[in-house]
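Undergrad: For reference, the chains in residue letters:
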Amino acid sequence: MSEILEFTIDKFTFKVPTDRYYHREGVWALAEGDRVRIGLSDFLQQSSGDVAFAEVESEGSDLAFGDEMATIETMKTDIVLPAPVGGTVVEVNPAMESEPEVINRDPYGEGWLAVIEAEDWESDRDRLLDPQAYLARVRELAEEEMKKL
Amino acid sequence: MNDLCDVAILGAGPGGYVAALRAAQLGANVALVEKERVGGTCLNVGCIPTKALTTSAELLVKARQADGLGVSIPEAAPNLPSLMAHKQGVVDNLVSGVEQLLRKRQITLVEGEGRLVRPDTVRVTSATGNVVEILARHVILAPGSVTARPPIPGLDLSGVMTSTEALDIAKVPEQLVVVGGGVIGLEFACIYEALGSQVTVLEMMPTLLPGVTDDSLAKRLALILRRRGMVIHTGVTVEVIEPAKSGLRVIFAGAKGKDAVEGERVLVAVGRWPNTDDLGLAEFGVKMNGRAIAVDEHLGTNLPNVWAIGDAVGGMMLAHKAMVDGRVVAENVMGGKRAVDYRSVPSVVFTRPEIASVGLTEAEARARGADGLPQFKVTKFPFSANPRSQILGETEGQIRLVCEVGSGRVLGVHVMGPHATDLIAEGALAVQVGATADDLAWTTHAHPTLPEAMLEAALGFRDATIHFHSKR
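First to last, the protein sequences are chains A and B. The first sequence begins at 110 in this note's numbering and counts up by one. The second sequence begins at 161 in this note's numbering and counts up by one.
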């Protein structure tokens with residue numbers, strides 16, 4: 110993994126690796142040739158809580174940018190994740206069927222959700238946040254959350 | 161017995177004996193034919209004995225978790241002989257209860273194998289070879305179902321069991337391989353898991369419990385079972401069962417190629433078939449749907465005054481559905497015109513956690529929407545947010561409601577969690593009477609109880625769930 114940006118507030122530290130792009134809702138997208146690997150950001154997994162169940166659109170599903178791609182149930186809440194890139198789901202992490210809590214353990218690695226065969230990664234990428242911009246958003250959201258405490 | 165009776169019923173399972181009792185209530189003179197004990201599969205080798213085992217298995221699991229609830233139970237272990245005795249005691253009690261009811265209603269129980277020899281005559285051959293013919297104004301066919309035998313080589317090997325054999329064991333196998341991830345297979349998987357077996361489940365369809373419940377609950381159940389250590393393969397076909405060092409080897413094939421699993425015992429539970437082979441139906445041209453007897457909405461066959469009910473007519477093979485059939489057919493035989501209404505027949509699965517469903521699943525509602533029927537909204541509530549669940553220490557699962565958009569009419573209710581099989585009664589009532597989510601939400605549910613989760617799920621229809629926050 111390349112360089113990792115970090116933001117710390119109170120006792121929380123949120124990591125943002127610089128090798129990928131981010132949907133503002135907290136979904137990362139990592140280009141691997143024509144394919145894009147997708148997962149939850151560290152901030153999203155930490156702020157959502159322990160994952161109890163994850164349901165990802167099945168292999169073969171065609172998704173447009175922003176379509177509902179996965180539902181994650183945690184002990185605290187349900188989150189519906191948007192696809193950060195349009196295309197066809199070609200792989201779903203098999204760990205989601207046996208230990209979706211891997212999302213909490215390793216959100217940027219083994220906790221990936223799916224791989225999408227992108228239709229037009231270049232133009233979708235322009236709609237995503239780069240690591241610095243996402244870090245700024247995390248800061249903003251985290252500070253907002255802290256105010257509620 | 162050559163006297164004319166009003167109704168002759170072939171089979172004293174939940175469909176047949178209920179039809180007998182109801183017809184007698186309405187004044188009929190009834191002969192009930194049964195080759196084994198009354199109560200059929202359900203009472204003798206089905207619902208009742210499995211639930212007796214399930215209950216003991218659950219108690220064992222609870223006892224082992226008792227520390228968490230502040231109770232010290234130093235050594236909780238199964239005692240197979242007394243477990244089997246408890247199970248048999250329950251079965252025997254219930255069988256004699258049914259026998260007593262039949263006597264009280266003056267129903268003639270004829271023991272032996274029944275067969276239609278004319279559309280109005282049933283010939284009964286007893287175990288000792290005695291033959292009697294019963295002439296009846298109406299004949300109700302209620303022969304039930306038999307364990308399906310898939311064409312898998314090796315089914316006859318020692319150690320391969322059907323559900324009937326799996327009910328009666330002298331030793332808990334180290335490993336159990338369950339062929340079939342439907343209701344029967346999974347209930348036994350959970351029983352044997354609690355007793356100490358390492359369990360592997362092989363299911364042909366892509367999800368467990370196909371056609372029984374909402375896919376999303378079936379997927380959640382698979383995750384819960386896997387987390388507990390059960391091995392589950394879906395989308396695989398069993399090719400052969402063969403002898404192996406540890407007992408048996410089951411070879412199966414799926415999208416990822418061939419694989420094998422070994423076990424001391426193999427349970428084959430791939431469903432049930434209507435028991436329609438040796439009843440003489442073909443000779444009279446009784447119309448069939450494959451193995452099932454074809455019936456109209458009043459449960460009449462194509463022959464006048466010949467009726468059929470329960471598992472033998474196919475569809476949902478459930479004791480409670482057969483009992484409803486029994487009541488419907490009894491009324492119709494006695495001159496009524498009642499049509500069957502299966503909208504509120506619940507499916508119940510006594511796994512850990514339990515699953516229960518009634519009405520439309522999400523996928524069924526979606527499929528209907530395509531025909532121009534109303535759209536639907538799914539609302540849900542997790543048991544982890546229900547106080548009673550927390551008290552019980554059983555927080556896995558959720559309630560899902562499928563409601564018609566606009567009216568809020570409840571189209572389907574799907575429950576996974578503690579006492580799901582009891583909780584579904586409210587859902588069945590809602591579907592039957594056409595209740596809306598608002599009706600459920602404005603019915604005050606006692607606190608702190610499990611049914612509060614139903615109220616909360618119903619509140620979700622108007623995004624008004626109180627005790628859970630959903631981030632979208």
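Please note that a few of the clues may not be correct.
DEER-style ranges, computed between Cβ atoms [to be verified]:
no., chain 1, residue 1, chain 2, residue 2, range
1, B, ILE626, A, ALA173, 46 to 54 Å
2, A, ASP176, B, GLU457, 51 to 59 Å
3, B, ARG622, A, ASP119, 31 to 39 Å
Listing some non-contacts, in silico: residues in chain A with all C-beta distances to chain B over 12 Å [said to hold, decoys possible]:
no., residue
4, SER111
5, ALA173
6, ARG214
7, LEU244
8, ALA245
Since the hints were made in silico from the structure, they are not lab data. Just so you know, even glycine gets a beta-carbon here, dropped at the ideal spot from N, CA and C.
Undergrad: Against which earlier hints does the structure fall short, listed by number upward?
TA: As far as the earlier hints go, 1 and 2 are violated by this structure, in ascending order.
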